[in-house]
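Visitor: One letter stands for each residue in the lines below.
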Amino acid sequence: MLRIDCPWCGVRNEDEFSYGGDATVERPADHASQDDWYHYVYTRQNPAGPHREYWHHVNGCRAWLVVERDTVTHEIFSTAPASPNLPDPDGRAR
Amino acid sequence: MGQQFRTSSNGQIDRGRILSFTFDGKPYQGYEGDTLASALLANGVRLVGRSFKYHRPRGIQTAGSEEPNAIVELRTGPRKEPNTRATTIELFDGLVANSQNRWPSLNFDIMSINNLFSPLLSAGFYYKTFMWPPSFWTNVYEHVIRRAAGLGTASTEPDPDFYEQCHEHCDVLVVGAGPAGLSAALAAARAEARVILVDEHPRLGGSLNDENYSINGKAGSEWADEIHAQLEEMDNVRVFTRTTLFGYYDHNVVAAIEKVSDHMPVPHQGHPRQRMWTFYPGRVVIASGATERPLVFGNNDMPGVMLASAARAYVNRYGVKPGRRAVIATNNNDAYRTAIDLHHAGINITAVVDSRRQPDEALVEELEKLSIRLMTGSTVGSAEGHQQVSYAQIVTTQGDTLDPERIDCDLIACSGGWNPNIHLHSQSGAKPVYDDSILSFVPGKSRQSEVSVGAASGSFSLQDCLAQGVSAGTLAARQTGFKSRKMAAARADNESDYAIEALWISPTPYNKSYKQFVDQQNDVKASDVALASQEGFDSVELLKRYTTQGMATDQGKTSNVNALAILACQRGEPLPEVGITTFRPPYVPVAMGVFAGHTVGYDFMPVRRTAIHDWNTKQGAVFVEAGLWLRARYYPQKPGDTMNDCYIRETEATRNNVAIVDVTSLGKIDIQGPDAAEFLNRLYINNWLKLPVGKVRYGAMLREDGMVFDDGTTSHLAENHFFMTTTTANAASVLAHMEQYHQIEWPELDVVFCSVTEQWTGIAVAGPNSRKLLEQVIDIDISNEAFPFMSVGECMINNIPARLFRISFSGELAYEINVPADYGEQAWLELLEAGEELEVSVYGTEALGTMRIEKGHVAGSELDGRTTAQDLGLEGMANRSKHFIGKHNSERPLLMGEGRLQVVGLKSLEEDRNLRIGAHLVDPRVKLETVSQSQGHVTATTYSPQLGCGIALGLLRDGASRHGEQIEAVFPLDDETLKVEVCHPVFIDPEGELVRA
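Residue numbers (the working numbering), protein chains in the order written: chain A, 13 to 106; chain B, 7 to 1003.
No wet-lab data here; the hints were simulated from the structure. Using N, Cα and C, we set each Cβ at its ideal position, and we do this for glycine too. Be aware that a few hints might be false.
[What the hints assert, rightly or not] In silico contact screen, one side only, chain A against chain B (beta carbon under 8 Å); selected entries: (1) Arg15; (2) Thr36; (3) Arg39; (4) Tyr50; (5) Pro59; (6) Arg81; (7) Ser95; (8) Leu98.
Put together the whole structure using the sequences plus the hints.
Guide: Here it is in structure tokens:
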């Protein structure tokens, strides 16, 4: 059972979240080549060790998060909002 | 007569409370405090089961959850539970237990003939024996194996009990309430940490209840009771008895099973049978003790052979003599205590057989004082007897086996040493390490916030257990943020060294071949381990799978280390080189019911009901599940109405007059903000920037891989305000998809949105008379000029505020009304009332589906995640001069080229025959034999009242250019073939004149 520290909701069980894929891949620009778009969708690294991935707090505050997780030990190093525009967890404007 | 094997005194049983029970139908009596195993032994019942493969007679070997042999079927009827361990079942009045895996009776078991064929049943026998011919697998082998190698049988009736799942947080979790665990819990609790203490047994104390220990000048069990009383008085402590921690998971989450009611005939009213606890501790102190391992000698599985510690536990804890004349066999000091305790209980110790040549001098003297015979440098070569031990053959460990001494006995209590219970430590992700001083594995470096103490860490001295418990509890409290006070450990009054010397396998008398069991539950012998090694299955993980060593309910608790040592001998390597298999949860068998908890039957999943649900129920509607929603499928009007009768009637009533349908379950998303149109423009393949306020547009969205994800209508309600509908099935995933792109990719877009599915009730009014009906209740002009096709506006339905959409799924002149959900039923009733003169009717999802097929609207079965906009005939909507999700990948050449499965209409060419969903579409010149000959499949079918024949939608290779072709729809499962004609998917009103009328 992973315990994920949502910046808004605090530490919650994995079953409140859904996995959202690799957060290290960047969505290509609109005019990028077909090849870039192909790789964006279909090719992934499969690192054994620290990795950045998206998690959606789907049964919670609905925020998309970037979670730094070790794929071998499952240790989580950090959890941050994926969006720069969501309100600050402490209530301050950002 | 009965309980002839009780001691005259001692034990934690209440001799004043007599409990009656039956085993294999025969009545017996025991006492409160007994387990089923101790009560059977008290009555002299020693044969309790037959072994898994060879059907050999088996007895009671242990006194705990490690029991491999005494596996029985407990209770009868719906509460019958197979494969329970007699050693863990608390006796209750009226208990019924039966032996397993025997026929016709336990004493005479026909299948014990397997014992003679044992050479055929050696390691990996099923991989060798049941190989060919393949047809024998389903017809012969499976039945034979299931019958012969079964254990107990489960009840086929529903479980009458219920189960709970609970969660609890704490700073320090202590596992096991023996001397170490009690000390740890008390130390942490005194530092004011929130402490949870769990123990498998009904009474705290662990080994202190089994042994003649003395602590601080009083009996060990008394000391345990005192600590328990102190803990119970502290608000920051929760003690769980009858609770076994069975799993250690990531992020320091652990799970336990609490057997709330298993010690009673039936649970108290309103109480669960069992509870599953998920604990979230800051730190875990594992004080789970150790498990003794047996010696491996000939016929060591015979009833009457028992672990030395178990014999002690039966005498000390249960007041039961496990035999009258005992041989004690050991390779360490510990079993000497068995000799002494059993002697004091009045059991005749015929010999202590010690494989070591020079045992501890103090112990030798003690035996001399008690006039107990000691044989050193010797061990039991074999147990002999019929169905139970009547004598032992003693051999020397130096290999002199030709002159074994025969010693009469009915009990062989043996100790091959102790294995720390490292299961939880291993489950936590850590790697155990081998400790040569105790010849076993001990916890290695911690990977999570846990520490093992006492016997679980390989420290077998009582004083060490007490001291380690205190320091681990103190440290755990400090590590979780509490100031700890110094606390002195309790004082153990008697101590002895452990002093083990290796003896992994005994020489056999006369060097004859004997069955020397390693894993008694799976009938794995030392020779099987050797054979597996010879055949190349010589890594520990392969050995386990090939021989099944370490599997089943005991998970090799008594057998693993012995098997590894014998494997190491075979490989000629030291034991640590061989390694150890990974321990996996659960530590003990856990009933499936507790994993389900309350989510069974009615509570299996939530049910979503629309505002019209009660009305539908009163009408006798037949419902269908659509995700979690219950939707009215059709409305029988008179007894005997079939589904076909109903949907044909409902379709005709809609097409010829007017009818209403509940469409609440569609996903609804409210979207607002200055960039709302731009957001939609990127989500959908079509254009949204120029949609005027008051207009609705049908849109399709793709996934990033270019496949169609969802479709639906979105309405422009007001400036910066849109209202999206999704398919019922995709409502949740579309919202998550939108959140993903808004939060991650396009945070610059000033837009907000949320699901309003449950806030609105949706009612479609369809049919040529739908306008006539609505005009009676509505406050706005809905003439075709004022409110043309694809309009949206606000209005009042009588006194109910509503949104009106001029959209059509049926292909008829139609409207969709949304009203706040609280007004849903009222609006429905008012429409029915207003339409009485028009003879308005209602329709369900079957008629809805029929009309959508007739109209060629694609839906879930065509949007199967593998179809592109072009495949579905939606490419015309796409604006490829703008950017949208999935644009680039939908343009990959193979998706745009020939050979794609494309949506088509299909008409049955045979009278009174309809197409079947899933049928393959095949060239009539080809006989369908392999799936590669299939050119597509049928996705949705119905009988069309409008066309008077069976019609369908399907996905056909290059189907868009094959209209008019005659092909076959083949359904191989039922050997059915139907001639069909390929046509345009829109069967009726292709120009859309009706919807615009």
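Visitor: Taking the hints in turn, state whether each one holds.
Guide: Here is how each hint holds up against the structure:
1. Against a cut-off of 8 Å between C-beta atoms, the interface hint on A/Arg15 holds, since the closest Cβ of chain B lies about 4 Å away.
2. A hinted interface residue such as A/Thr36 counts as satisfied when its beta carbon comes closer than 8 Å to some beta carbon of chain B; here the least separation is about 13 Å, so the hint is violated.
3. Checking A/Arg39 against chain B by beta carbon gives a least distance of about 5 Å; that is within 8 Å, so the hint holds.
4. A cut of 8 Å between beta carbons decides the hint on A/Tyr50: the least distance to chain B is about 7 Å, and the hint holds.
5. Because the smallest distance between the Cβ of A/Pro59 and any Cβ of chain B comes to about 18 Å, over 8 Å, the interface hint for this residue is violated.
6. Taking 8 Å as the C-beta cut-off, the interface hint given for A/Arg81 is violated, the closest approach to chain B being about 10 Å.
7. Checking A/Ser95 against chain B by beta carbon gives a least distance of about 4 Å; that is within 8 Å, so the hint holds.
8. Here the hint on A/Leu98 is kept, as its CB sits about 7 Å from the closest CB of chain B, short of 8 Å.
When held up to the earlier numbered hints, the structure conflicts with 2, 5 and 6 and fits the remainder.
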